[in-house]
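Peer 1: All chains, full assembly: derive it from the sequences and hints.
The chain contents come next:
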Amino acid sequence: MADAAFLALTVITIGSAIAALELRSLIYGSIALMGTLGGIAGFFFLLDAPFVALFQLAVYVGSIAVLILFTVMLVKRELIFKKIEDKRRKFAGIGLMLVVMVSLGAVFLDSGIKTITTDEPAVDFRNIGTDFVTYYWPALILMGLILAGSVTGALVLAKREDVENGQRTS
Amino acid sequence: MANELVDFTLVSVALLGIGIYGLAVKRNFIRMLFAVEIIINAANLNLVAFGRFLPHSGGQTLALFSIAIAAAEVAVGLSLIIVAYRMYQNVDIADFRSLKG
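Chains A and B are the protein sequences, given in the same order. Letter by letter, the first sequence follows residues 0 to 169 of numbering that gives the first Met the number 0. Letter by letter, the second sequence follows residues 0 to 100 of numbering that gives the first Met the number 0.
Since the hints were made in silico from the structure, they are not lab data. One or more of the hints may lead you astray.
What the hints assert, rightly or not - Footprint (simulated), chain B over chain A, 3 or more residues, beta carbon under 8 Å:
no., stretch
1, 2-16
2, 30-44
3, 63-73
4, 133-146
C-beta atoms are modelled at their ideal positions from N, C-alpha and C, and glycine is treated no differently.
Peer 2: Now the structure itself:
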């Protein structure tokens, strides 16, 4: 049975996920998204994975959420507050969501994972470091290259052609 | 441990459903990116939860990889949003006609 911290984290995570998509203002929406990402970090703490939780806080809540906030603020004011969607699509989307939740939830509740419990100690974070430098080292190098490539690509994409000498010309 | 594996799995199913709803309904590029983030986080939660209950370090290692790649994806997605906004002065994906190929 779940404990109180788990239930509180569930309410925070799912509530702010819905708020992130449904709040009228995109700025408040992105702040709500930070709540979801922070809630997931809390679940990682509950799962005895403090290293992943801190990584999640540093990468998602610390940098990605701020990046999203800045992008939202670059958009025109009326677009931040305007919601564009149509009613019929919305009801179809809610139906799709319920179908996914109920069917996948039923599959999981019916499967054998209800019986899985563990008394073994949590994985030591030193094992993760060992994993990274032994078995997964090619993937680690590839990930570094992908990160460098994607950040460079993002910079090239967002570069303005009409900016000269650091000043906007138009 | 007080919490069971199935609890974490159900939370991640709920997050997946919310993410799919966001991708299906929203036409705002930024909100669709939010929905993708929610789905990725549901997957990460599953990875770490299974890694805890079937004790193995692979779950956490893969979750770390997934978080790092998601960071790269968000950087590219946000710069695409900035470029598209500069071209169309809008963030409605229905307006991005020339991206249809």
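Peer 1: Are there three or more residues in the stretch 2-16 of chain A whose C-beta lies closer than 8 Å to some C-beta of chain B?
Peer 2: Three-residue rule met by the stretch 2-16 of chain A, so holds; n is 6.
Peer 1: For the stretch 63-73 of chain A, count the residues whose Cβ lies under 8 Å from any Cβ of chain B; is that count three or more?
Peer 2: holds (count 6)
Peer 1: Taking beta carbons only, do three or more residues of the stretch 133-146 of chain A come closer than 8 Å to chain B?
Peer 2: holds (count 5)
Peer 1: Test coverage of the stretch 30-44 of chain A by chain B using CB-CB distances below 8 Å; three residues minimum.
Peer 2: holds (count 6)
The structure meets every hint from the earlier list without exception.
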